[in-house]
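Undergrad: Based on the sequences and whatever the hints tell you, model everything.
Taken in sequence, the protein lines are chains L and S.
Add 90 to a position in the first sequence, counting from 1, and you land on the number used in the working numbering.
Add 1045 to a position in the second sequence, counting from 1, and you land on the number used in the working numbering.
Hints listed in this document are in silico derivations from the structure and should not be mistaken for laboratory results.
All C-beta atoms, glycine included, are put in the ideal place defined by N, C-alpha and C.
One should not assume that every hint holds.
As the list claims (entries may be wrong) - With a cut-off of at most 27 Å between alpha-carbon atoms, the simulated DSSO-like pairs for lysine-lysine come out as follows: (1) L:Lys300 x L:Lys310; (2) S:Lys1080 x S:Lys1212; (3) S:Lys1309 x L:Lys260; (4) S:Lys1212 x L:Lys97; (5) L:Lys260 x L:Lys181.
Unchecked claim - Chain L residues, not near chain S, derived (Cβ > 12 Å throughout): (6) Leu92; (7) Glu136; (8) Gly167; (9) Asn173; (10) Trp250; (11) Leu360.
Claimed, not checked - So, partial list: chain L residues that the calculated Cβ filter (under 7 Å) puts toward chain S: (12) Tyr171; (13) Gln174; (14) Asn214; (15) Ile336.
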Amino acid sequence: MLIYTLKRLGLAVLVTVSVSFVSFMLIRVSGDPAIALAGEGASQEEIEFVRVQYGFDRPLIVQYIEWAGRALHGDLGESPYLNQPVAGMLKERMGVTMTLGVSALTFAMVLSIPLGVLAAIRPNTWIDRIALAISVMGQAMPSFWFGLIMIIFFGVHLRWLPISGSDTWKHFLMPTVALGYYATPAIMRLVRSGMLEVLASDHIRTARAKGLRWPKILFKHALRNAIIPVVAVAAVQLGFMLGGSIVIESVFALNGLGNLAWVSIARSDLPVVQAIVLMLAIIYVFLTFVSDLINAFLDPRIRNV
Amino acid sequence: MTQATSNNKFDSGLGLDVVFPSPRQIMRQRMIHHKGFIVGGVMVLLIFLMAIFAPAIAPHDPFHQDLSIRMIPPVWNENGTWNYPLGTDNLGRDYLSRLVYGCRISLLIGFSCMMIAAVIGAILGLTAGYFGGTVDMVVSFIITVRLALPAVLVAIAVVALIGGSMKIVILVLGCLIWDRFAVILRATTKQIRAIDYVQAAQAAGCSVLRVIVLEIMPNLFNSIVIVATLEIGRAILLEAALSFLGMGVQPPTPSWGLMISEGKDLMLFNPYLVTIPGVALFILVLGMNLFGDGLRDVTSPEGRS
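TA: See below:
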C-alpha cells in the first residue's frame, strides 16, 4: 500500500507540474500577453512598458519557473484589472464553487445510486426503463438550458425559488440540480452494471442459499462491491463539475470561481484566468489521487498494478 | 454440396436443410429490433436532411431583420401567425428559419471537432495500445494531463484570447475532446494486438505500419464510429455552451447556443426564445447518443447486459 501510495503521489506531482506548465503556456500561446494586458488602443511604448514590467521579455522557461515558484508559496500574482492579489480573490470565491460542486455531486449520488440499484434488481422492467430514460435524457440536455428552464418555471412562474445570487441555501437548489444531473447518467450506469455483475456472482448465490434476508444481501454483500468503481467516477465527476461550473454560475449569477473566470476572461484579466485553470486542475489531480487511494484500500487487487 | 456453401447450413439429419443466418443478417436483425438505434437513427437522419435542404425548408432568410415584425410569438400562441410558425426574435428574424439553418452550424461543428479529435485520439490510442511499455506510459500521462484541465474553461479562455469564429471554435474544441477516443482505442488496440492473426502478421515480417493499418485498424472501426457519435454530441453541447457565454460562434450566425443566449434576456415574457432552440439541441444530441448507444449494443450485445 505504501509503495502504491508513493507511486500515485509521484504521478500526481508530475501531472500537476505538467498542468501548471500548460496553464502557464495557455496565455502565452494564444497571443501576445503584453498587448492583451495593455488594453485596446495602447501605443507601442505602453505595450513595451507592460512587457518589461511583467517580465514578458525574458525567456519563457525563466518566466515559468518564477511563476511556479511563487505559486508554490501561495502567491498567484496580482490582477492587473483590479490591482488585487489573485490568491485572495480565489479564496473569496472558492466557497461558493465548492458548495455548488459538493452539493451537485451529492444530488447526483442520491438520485443515481438508488435508481441504479433498483434498475439492477428489476432489469427490463418499468423502473429500469425510467432509469435508462433519465440517464439518456440527462446526457443530451445542455445544462445551461436546463438551468434557464428551471428559472422560467420555478423562479418566474411559481415564484418558489430565487433566480440569482448565492445568499441562502435556496439560491443553491436550482444550480445544484442543473449541474448535478449531468453526472447522474455516468454514475447510474456504473451502479447498475456493477450491481448486475455482483448479483450474478457466486457469493451472492451462497448468501441466498444459506437463507440470508434479501435486504441484507443487497446492502451488505452486493452494494458494497458494486460501489467501488463509483468512488473513482464520483471523484472524477466532481472535478468535471467544478470545471463546468463556469456555465451554471453565469446562468444563476452565483459569485463563485466560474463566474470570476468568465468575468476575467471577458476583461482579459489573464493572471486570474491562469490561476483558476491551475486551481481547478490541481483540485482534479488531488481528487483522482484520493479516489485512487480509496479504491486501493477497498480493493487490494489494485495495489499490485 | 461444396465446402463454401455449406458454411452456414447444417444437416439436421432429417433431410432438411437448416440455414443459419450469416453474421450480417444477425446484425441486421438486431438493428431492426433495437428501438434506441432506430429512433436515434431516424432523428439524426431527419436533422441531416433538414441541414442539407435548409434553403428549401426555411420559409424566410435567417439573417433578414425587420423591426416591424419583432417578437411575434409562435403559432400556438393567440397572437401567432402561420407566416412565422415559430415566431420572430427581437430583431424581427424568422425563428424557424434561424432554427433550420442553425442545425447546419451544430452539425458542421460537431463533425469537424469529432474529426480532429478522432485523428489525435486515434494516433495516441493506437501507438499506446500497439507499442505498450514506455510509449503507453507517456500517452497515458498525456491523457491524464488533458483530463485534469477543465475543458470548458480552457476552451472559453483560448477562444476569447484569439477571437471567436467558427474555425477557432472547431480547432479548440477538437484539440480538447480527443480523450475518449484515445482511452477507448488504446484499450481496444491492446486487446486486438494479442489476437493470433496480428501476431501471425508480425511473425510473417509485416512492417509496423502495415500491421496497424491492415490488421488492426479494420477492427477498430466499430469502436471509432461509436465514440464518434458520442463525441459529436459532446462537441455540439460544448459549442452551445461556448456560444451561450458569448465566447463561441459570433452573431449573427444562427447557432442554437447563441440563440438561447440572445433570448435569455427576454425569456421572462417570451420563453419560446429559449425553449425552442434548447429543444432542438436536446433532440439532436439525444438522437446522436441513442444512435451511438444502439450501435454499441448491436455490434457487441454484451455492452449492456
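Undergrad: Could you run down the list of hints and mark each one as holding or not?
TA: Results of checking the hints against the structure:
1. L:Lys300 x L:Lys310: 15 Å, holds
2. S:Lys1080 x S:Lys1212: 36 Å, violated
3. S:Lys1309 x L:Lys260: 22 Å, holds
4. S:Lys1212 x L:Lys97: Distance ~41 Å between Lys1212 of chain S and Lys97 of chain L Cα, so the pair is violated.
5. L:Lys260 x L:Lys181: 23 Å, holds
6. Leu92: Given that every Cβ of chain S is farther than 12 Å from that of Leu92 of chain L, nearest at about 21 Å, it holds.
7. Glu136: Correct as stated: the minimum Cβ-Cβ distance to chain S is 19 Å, above 12 Å.
8. Gly167: Non-interface label on Gly167 of chain L holds, nearest chain S Cβ at 16 Å vs cutoff 12 Å.
9. Asn173: 21 Å, holds
10. Trp250: 15 Å, holds
11. Leu360: Nearest chain S Cβ is 8 Å from Leu360 of chain L, so the label is violated.
12. Tyr171: 14 Å, violated
13. Gln174: Status violated, d = 20 Å.
14. Asn214: Check failed: Cβ of Asn214 of chain L comes no nearer than 10 Å to chain S, outside 7 Å.
15. Ile336: Status holds, d = 5 Å.
In this structure, the earlier hints numbered 2, 4, 11, 12, 13 and 14 are contradicted, and the remaining ones agree with it.
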